[in-house]
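Engineer: Read off the chains here:
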Amino acid sequence: MSAVVDTVTPEGPLVSIRDLKVHFPITSGIVFQAKVGAVRAVDGLSFDIRRGETLGLVGESGCGKSTTGRAILRLEKLTGGQVLYEGSDLARLRGKALRRQRRRMQMIFQDPYASLNSRMTLGHIVGEPLLVHNLRRREERVDRVRELLNLVGINPNTINRYPHEFSGGQRQRIGIARALAVEPNFIVCDEPISALDVSIRAQIINLLQELQQRLGLTYLFIAHDLSVVRHISDRVAVMYLGRVVELAPNAELYETPMHPYTQALLSAVPIPDPVVEERRRAIVLTGDVPSPASPPSGCHFHTRCPAAQDGLCDIEDPVLRQVRPDHYAACHLIHDEDYPHIRSAEDVASSTQTRPNGNGGGPA
Amino acid sequence: MAFDTGVSLQPGDNLLNVTDLAVTFDSQEGQVRAVGGVSFSVRPGEMVGLVGESGCGKSISALAILGLVRMMNNATISGSIEFLGRDLLALPENEVRGVRGRDISMIFQDPVTSLNPVLSIERQMTEGLEEHLGLSHADAVKRSIELLEMVGIPKAAERIHDYPHQFSGGMRQRVMIAIAVSCNPKLLLADEPTTALDVTIQAQILRLMKQMALDYSAAIILITHDLGVVAGMTERILVMYAGRIVESGPAKALFAHPHHPYTVGLLRSVPRLDEPRAETLQSIDGLPPDLAHLPPGCAFAPRCALQTRACWEAPPALAPTTDGRLSACIHAAGLVERATA
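Protein sequences, first through last, are from chains R and C.
Heads up: the first sequence at position 146 corresponds to 146 in our numbering, and the numbers run straight through without jumps.
Heads up: the second sequence at position 22 corresponds to 22 in our numbering, and the numbers run straight through without jumps.
Derived from the structure by calculation, the hints contain no laboratory data.
Mixed in with the good hints, there may be bad ones.
Claimed, not checked - Residues from chain C that face chain R, not an exhaustive set, calculated with beta carbons under 10 Å:
| id | residue |
| --- | --- |
| 1 | Gly98 |
| 2 | Val229 |
| 3 | Pro271 |
Keep in mind the model is a prediction, meaning the values are calculated, not measured.
Note that beta-carbon positions come from the ideal geometry of N, C-alpha and C, so glycine has one too.
Chain R with its partners taken away, still in its complex shape (with noise of 0.2 Å):
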């Protein structure tokens, strides 16, 4: 898809991912078991991360957000596409060469309760990357693992203490210290807040961001909160059902979201003022996202979407490609400046209501 090549970065992004896709096989029988289909949690995904940006991938619970996290750190085994690390395959690498990618590229996790082990000290677990890497000599790892728990705000001495004598969000602040601890350029945040209470959610964000300046990091923001990826990302790609259907840098997106199911998402987000609350009207979307293992044929959201034609959404698939500068959409019905204004129940029963000769007045 050369729709989304990057021209904007003149030394090219930092990661790219060309048609990525991730099939999840569903098999039937024991012994002889026979694929008789697919979830496609990731089905023929293209853009950039550029470098020092912060990337936020938005979308419902199973729209393949968090695979396709996992896809591009080679977690998942890529059933097609490429996913290119400054300019480089990484879905050819084996072995060693992949492993000294990998120095290059870490993720944090959603969970601070399951993604620490919980028999490791700090100390193992933060210098666990060191020894894998063989990146400094013994004597040395102690003190640079002291010098990454002061980075992230954990108490130095605390180094031979376990993970169960802290609280969530000072385990959130262990898990971003080992994956600092191999110096990498790019990381992926996985839902990295969403387990945390709610005063402690802003001091993780301002860590990152603080981390991001400080060292130079390229982040991907996976969350399904839309507040917080506004505040913390460059750009926002929006995923539904394996695929991007928007994408766009920050303001332009939470402005002029140009996307049907964007504007539904922005919409149903609840603002902290009753006063905003109430003037606001949601557009409901009827029904719920439709399984991942046999999406709806054309655009996935044509089943939701209130602007959907039929004869067209229902048929063909649309393609992302750029509808305004540096502003991608994937929509039929978006040409040039014109797109779908989706509206909510309340505002459509409203206007109808204001022109009583409507056209529903009988036979002319």
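We have chain R already, so just place chain C on it with the hints.
Structural biologist: Leaving out everything else, chain C in the frame of chain R:
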């Protein structure tokens, strides 16, 4: 068991009066004070939001109202929970059973674990109707199908025979709501009802809950950590921290000018979609307290920007600030002044 309370509510009476409710658990670390003297009331048909972080005692308070805490053998419970004029804590278990699930019902956070996976929806829905309203099985099935249609389950007559795993998360929560309203409750406790759901589904479920409460003129206590969810749903907010209510008041006034530093911090630390993007978020420093080792004074003092020596001496009482509002902060007057200035 058909059970008539025999008490009718006079106009102006509260539906629920919780007075000085305290729950302590025995643990290896000693006494853990999960709820430490909570008092509040709910009027008939009122929508109240109970907001706080994990471990603040909001869920335990709800379980206590349902009469479920006293079943936990390491719990000590004190105070009173007056519902329709009777103290639920003083009632024998068989009488509480007549209230639980009938007059007071609960919508849990996770419909995956709170519905029984090995029983069909029919079994789970008719159980309460037969037990509480004395309906025959045939009538209970008929009523269940009506309820499922009301909460928006397509082909309810067929789907009632299905099992929970055959429904999606949003649909399961609809089934939970149908079960919760099936016996015409007067009070619905909803504990993080949409936390496990996606935003587009959350909007559907919140809308449905509000509609159902209006239709059945039931009061709702909506328990959540999400300030956005209570903002659109409730008239009055209670904010809990470390087992105590630290602030309460009408939703609009409380969100506009919080009278407790914890509420101030919470509201500031959440990025808002409708406001310009800030460079950095204002976070609340430090960690939530350990309930087994609470500081002698205000539990929020170690994290509070306004703390003075007096804060560390004795826990501040929940005291009136302006009309209809309470705050448990000795510096509340300063916050009120700043708001009006």
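Engineer: Run every hint past the structure and note whether it holds.
Structural biologist: Now for the hints, and whether the structure bears them out:
1. A least Cβ separation of about 36 Å between C:Gly98 and chain R goes past the 10 Å threshold, and the interface hint is therefore violated.
2. Interface hint at C:Val229: satisfied, since its Cβ lies 5 Å from the closest Cβ of chain R, which is below the 10 Å cut-off.
3. The interface hint given for C:Pro271 is met, as the beta carbon of that residue sits about 4 Å from the closest beta carbon of chain R, less than 10 Å.
Going down the numbered hints, you'll see the structure goes against just number 1.
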